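A.B. asks: Protein chains in written order, with numbering that gives the first Met the number 0: chain V, 0 to 152; chain X, 0 to 203.
It should be emphasised that the hints constitute simulated quantities derived from the structure, not laboratory data. In this text, all values refer to a predicted model and were calculated from it rather than measured experimentally. Accuracy of the hints is not assured; some may be wrong.
Claimed, not checked - Where chain X lies over chain V, by a calculated footprint (3+ residues, C-beta under 8 Å): (1) 12–25; (2) 39–53; (3) 65–74; (4) 96–102.
Each residue gets a CB set at the ideal place from its N, CA and C atoms; glycine is no exception.
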Amino acid sequence: MDAVKRKRLEEVLTSYGADPARWPAADRAELSGELGVAGEALAEAAATDRLLQFASRPDAASGFEARLMARLARTAQVTTLPPLRPRPAAARMKIGWAVLPLAASLALGIYLGARGVIDSLLPAAVTNSVAAVDDDDLTGVTNVTDYSEEHVS
Amino acid sequence: MAGQAGSTEVPAADFRSADDAVLLSAAARGDAGALVELARRHYQPVYRLAWRLTGGHADSEDIAQEAFLKLWQNPQQVRDAGALKGWLMRVASNAVIDRARRRPLADIGEVPEVADGRERPDETLDRTEAAGEIDRRIAALPERQKLALTLVHFEDLTNIEAAVVMEVSIEAVESLLARARRSLRQSLSADWQDLLEGLNARGA
């Protein structure tokens, strides 16, 4: 048995005890045939197992199902859907502050547009066509006969 | 809120033949009978774990039931029925730790023994006394050592399952087991031979 195997055998005995049935499967396959060389480690593990064997193994008092059922009846289940929660105040504030620059830009645009300040910044093609449209009489009011004058005359 | 168990009556054997996955699905639909059947199958090891970790405290049943109530409240937490036992063990062990932090649990090591008024230095310990002595030494182990020993030695979880329950590596589980067994040997060293001879004399 090489040193690595011997060391692992001691570790297994120290952790899991002397009964190979309690060992991890891989260790059981590899080491259970080597117990004969374990010596003192095996004797200590077996003695500890012997003591642990006599520890109490209590059973729950009978009738636990009925007692559990009574508690279940008083306990609501929760759904898997996350509960509806109001948006946190911090998130609301974040959105509020994000809207402010947009509102300010809109207000400034309306103001500058009304004052004609931004016309000089726009391409001539845009400003001329707007002016041309301004000059057109889209209503046709100017071509209407002034009946009032005819009646007067 | 999806629903509540409507009756305190323990259901008949409708679910006896169903596997854990079916029972979990039924419990998720609000069937308390399915949950009680799961409890029939897994309650004892969860109770013993609580008993062992609390040192035999009367709260053990309450703690075990708490684990099943948590399962009832949200059965979707256990996605793989094969992981159910480990999940219940973890919930119960966490409940023990939480309770111990809130208010220390009086364990069996602190319960005064009833004195019989006789000196019996050379009488061998009987099996009940020996069991009580061993229980007290186990109860006195550090929390993690006690949990590892309980899961692997007393409840027969594999090292992999115990590592999942304890959320540590397999190497850490092995280390905790080795330290627990070594601590027990050392704490019992004075009484070691008496205990073993007593148990042997009783044919135990």
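A.B. asks: Evaluate each hint against the coordinates.
C.D. replies: Evaluated hints:
Counting residues of the segment 12–25 of chain V whose CB lies closer than 8 Å to any CB of chain X gives 6, which reaches the minimum of 3, so the coverage claim holds. Given as covered by chain X, the segment 39–53 of chain V passes the check, having 8 residues with a CB less than 8 Å from a CB of that chain where 3 are the minimum. Residue count for the segment 65–74 of chain V with a Cβ under 8 Å from a Cβ of chain X: 10. That meets the three needed, and the coverage hint holds. For the segment 96–102 of chain V, the stated coverage by chain X is violated: 0 residues have a C-beta nearer than 8 Å to a C-beta of that chain, whereas at least 3 were required.
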